[in-house]
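Asks: Here is what each chain is made of, one letter per residue.
There are 2 protein chains.
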Amino acid sequence: MDIESSIHQMGRQAREAAYQLNQLSTEEKNAILRAMAAKLRESCASVLEANAKDIAAGEERGLSVAMLDRLRLDEDRIEAMALGVEQVAALPDPVGQRMEAWQRPNGIRIEQVRVPIGTIGIIYESRPNVTADAAALCFKTGNATILRGGSEAIHSNRAIAELLNSAGAPVHAIQLIPFTDRQSVAVMAGMDEWLDLIIPRGGKGLIETVVSLARMPVIKHYDGICHMFVDRDADLDMAVELAVDAKTQKPGVCNALETLLVDVEVAAEFLPKLAVVLRAKGVELRGCEQTLTIRADAKPAIEDDWDTEYLDLILAIKLVWSPDEAIAHINRHGSHHTDAIVTANEDTAEYFLKAVDSACVFHNISNRFADGGEFGFGAEIGISTDKIHARGPMGLRELTTYQYRARGEGQTKG
Amino acid sequence: MDIESSIHQMGRQAREAAYQLNQLSTEEKNAILRAMAAKLRESCASVLEANAKDIAAGEERGLSVAMLDRLRLDEDRIEAMALGVEQVAALPDPVGQRMEAWQRPNGIRIEQVRVPIGTIGIIYESRPNVTADAAALCFKTGNATILRGGSEAIHSNRAIAELLNSAGAPVHAIQLIPFTDRQSVAVMAGMDEWLDLIIPRGGKGLIETVVSLARMPVIKHYDGICHMFVDRDADLDMAVELAVDAKTQKPGVCNALETLLVDVEVAAEFLPKLAVVLRAKGVELRGCEQTLTIRADAKPAIEDDWDTEYLDLILAIKLVWSPDEAIAHINRHGSHHTDAIVTANEDTAEYFLKAVDSACVFHNISNRFADGGEFGFGAEIGISTDKIHARGPMGLRELTTYQYRARGEGQTKG
Chain E
321 MDIESSIHQM GRQAREAAYQ LNQLSTEEKN AILRAMAAKL RESCASVLEA
371 NAKDIAAGEE RGLSVAMLDR LRLDEDRIEA MALGVEQVAA LPDPVGQRME
421 AWQRPNGIRI EQVRVPIGTI GIIYESRPNV TADAAALCFK TGNATILRGG
471 SEAIHSNRAI AELLNSAGAP VHAIQLIPFT DRQSVAVMAG MDEWLDLIIP
521 RGGKGLIETV VSLARMPVIK HYDGICHMFV DRDADLDMAV ELAVDAKTQK
571 PGVCNALETL LVDVEVAAEF LPKLAVVLRA KGVELRGCEQ TLTIRADAKP
621 AIEDDWDTEY LDLILAIKLV WSPDEAIAHI NRHGSHHTDA IVTANEDTAE
671 YFLKAVDSAC VFHNISNRFA DGGEFGFGAE IGISTDKIHA RGPMGLRELT
721 TYQYRARGEG QTKG
Chain A
321 MDIESSIHQM GRQAREAAYQ LNQLSTEEKN AILRAMAAKL RESCASVLEA
371 NAKDIAAGEE RGLSVAMLDR LRLDEDRIEA MALGVEQVAA LPDPVGQRME
421 AWQRPNGIRI EQVRVPIGTI GIIYESRPNV TADAAALCFK TGNATILRGG
471 SEAIHSNRAI AELLNSAGAP VHAIQLIPFT DRQSVAVMAG MDEWLDLIIP
521 RGGKGLIETV VSLARMPVIK HYDGICHMFV DRDADLDMAV ELAVDAKTQK
571 PGVCNALETL LVDVEVAAEF LPKLAVVLRA KGVELRGCEQ TLTIRADAKP
621 AIEDDWDTEY LDLILAIKLV WSPDEAIAHI NRHGSHHTDA IVTANEDTAE
671 YFLKAVDSAC VFHNISNRFA DGGEFGFGAE IGISTDKIHA RGPMGLRELT
721 TYQYRARGEG QTKG
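As given, the protein sequences belong to chains E and A, one line each in that order. Under the working numbering, the residue at position 79 of the first sequence is numbered 399, and the numbers go up by one with no gaps. Under the working numbering, the residue at position 376 of the second sequence is numbered 696, and the numbers go up by one with no gaps.
Excised from the complex, chain E in its bound form (with noise of 0.2 Å):
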């Protein structure tokens, strides 16, 4: 069989699977996911055998020792992907939640229930700890999935895919498609009659390729250009601390901060503070024209770093005139993932919040706090900077749909 029957008969399978899956109760799902957990634990050897392959095959490739490193399995990891599996299975399940009731002047009883998406395909890269995370997540909400990882982890995602499948899940709930190639992917995106909903993970070209051969809805996790803005009337202690850990708690993640807006009314008193301690972090400074006024010591920063997603230690700082200016400014500039402001004015806080078209608007904590873990979620499969569906943190409610369900007694609308 060719690439594209191959991958379009997976498909067909998976919306069999989905209405299996569909038939399972919440403890049938968590136990098949405990012994989905229990045979990685059981055959962690099969899988770091496995993962040796890939290691050895992307030494031989050249791949950088950071794509090494995401690439490499060990007991550690594994167990923590087990535990992961575990923690799925112990959240609490949305599917067959009632989201509203109602009745109709006509009697009729209408309520709206969360339930399956059905089938969806995730796209992701060289992690394989994806394959057994979005697995998990997938299989909890009901979902058949069908994965497609990258080339450099395909022994690893085989090995942990059978492992999965070896724990009682329906046939086909969770197929891991064995080509690689870029052709896979465009027959993955073409098929909406059996995807519902394809999730890529990983970098921007490989979401932009799939935005744009995708017939069916993708939610999309771009990037995070993550602003804070320090209004005139912030605790500017706090407001040095927020900066600092948003900035350098994490750099190379989503939700750290990568541009600083300053109220020039303050700029002169909270910028030395400021530049001490990210000086200590080793944090290079971009400032704009009145920035360097005060901090000759940081770089001028060009047009292009408003829209620069760093991942380093490296800061970009503008001044600004009034929280309309930084609210302009995080609207044009900004990936709507995630900003925040700092004051102790809550007229101010509130216009900000409700005025930037941002997935997280935060007051007074660290950009850092947006996640599906920090949010309580139990578990995240990524953070949508989409609108439709899903936005910010997405956990397992946002892997579900609804349906309504109306009941009567013989209403006719003639």
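What the hints contain is simulated information worked out from the structure, not anything from laboratory work. The reader is advised that the hints may include incorrect statements.
Think about it this way: if two alpha-carbon atoms lie no more than 25 Å apart in a straight line, the pair counts; the simulated DSS-like pairs of lysine-lysine are [stated by the list, open to error]:
# : chain 1 : residue 1 : chain 2 : residue 2
1 : E       : Lys-733   : A       : Lys-593
2 : E       : Lys-733   : A       : Lys-674
3 : A       : Lys-733   : E       : Lys-674
Starting from the known structure of chain E, fit chain A onto it as the hints suggest.
Replies: Structure of chain A alone, referenced to chain E:
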């Protein structure tokens, strides 16, 4: 300026307008909507004059009588448009509603609040009333709209949009694309930086075109291939009434019944009762082989009949041996729109409602109740056959997204 630059400029303007709209209170939006309705009434003559040009051009181009009827406006239809806009003004505003709120152990207070989506593109065909309907629904929910109607209605659409824009809305909140060629659809579909969502309202061809071109999410309103399953435990008189209502009360709409599934155990008693009434209403029956043994007067159904939305006085009938066979047929051949079961057996009903993968699943009521009005939504922009973001009847709430607002006292992650 060429078409592409010109439409991109409208996109930029829509984005700016969305930020203005987001600042309006519910009262301000409602006052503007009522002013729009007043303008439509006051300047009814200018719309009728523009419409006369479209009708004359349509007659010259040889449009069908049905097309000309969809296109034609008169005082009553403009009054209906104005009333529709007033009804939208009277509905509760979902924007600003708190969906959830909780506190984390670290003291951070998180709130999930409904906010406008931002900018919405509506691509539609010949009915000029869509201009007012869609613009009002989007305006009420704080979204800026870019409307692209069909060439047949261009004069009417322009006249209506001009009146809507003379009622005090922020500039560019409602924009009508002045081009009606295919390129304008392609340009809209490509500008995902300016449009957060596209909703095509029209036939399958239009939707398919938009889906294959669009880089942003599209909410689709495809066919309604709706089923009713008459279970062995059905009250057969009720089943006759429901099937007749669902098939004949308004056969040309998406929630009309197209295929009737009947349990073999009751078919011999049920089908003759049903056929008497349907024949009197002029309905043509197309039956499976087993049906023909009971109703020799039915035409034999071919395989295509199970996948056809007749929108006409034709009913396909198939006998099944179990609820599971009915469910499998619906999930395979239906369009996941609205499917009903008639039965006095509560267990069978609940099993069916859960297993059928459709936006609306009904027990002992006519399929014709699948409608935003009948659900009590007050107004609808359509009935989504998608599963992502909005499923089934789409009211005002489905034209919003949400934002997480989190507040603290200087919490840091590190």
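Asks: For which of the previously enumerated hints does the structure constitute a violation, in increasing order of number?
Replies: none
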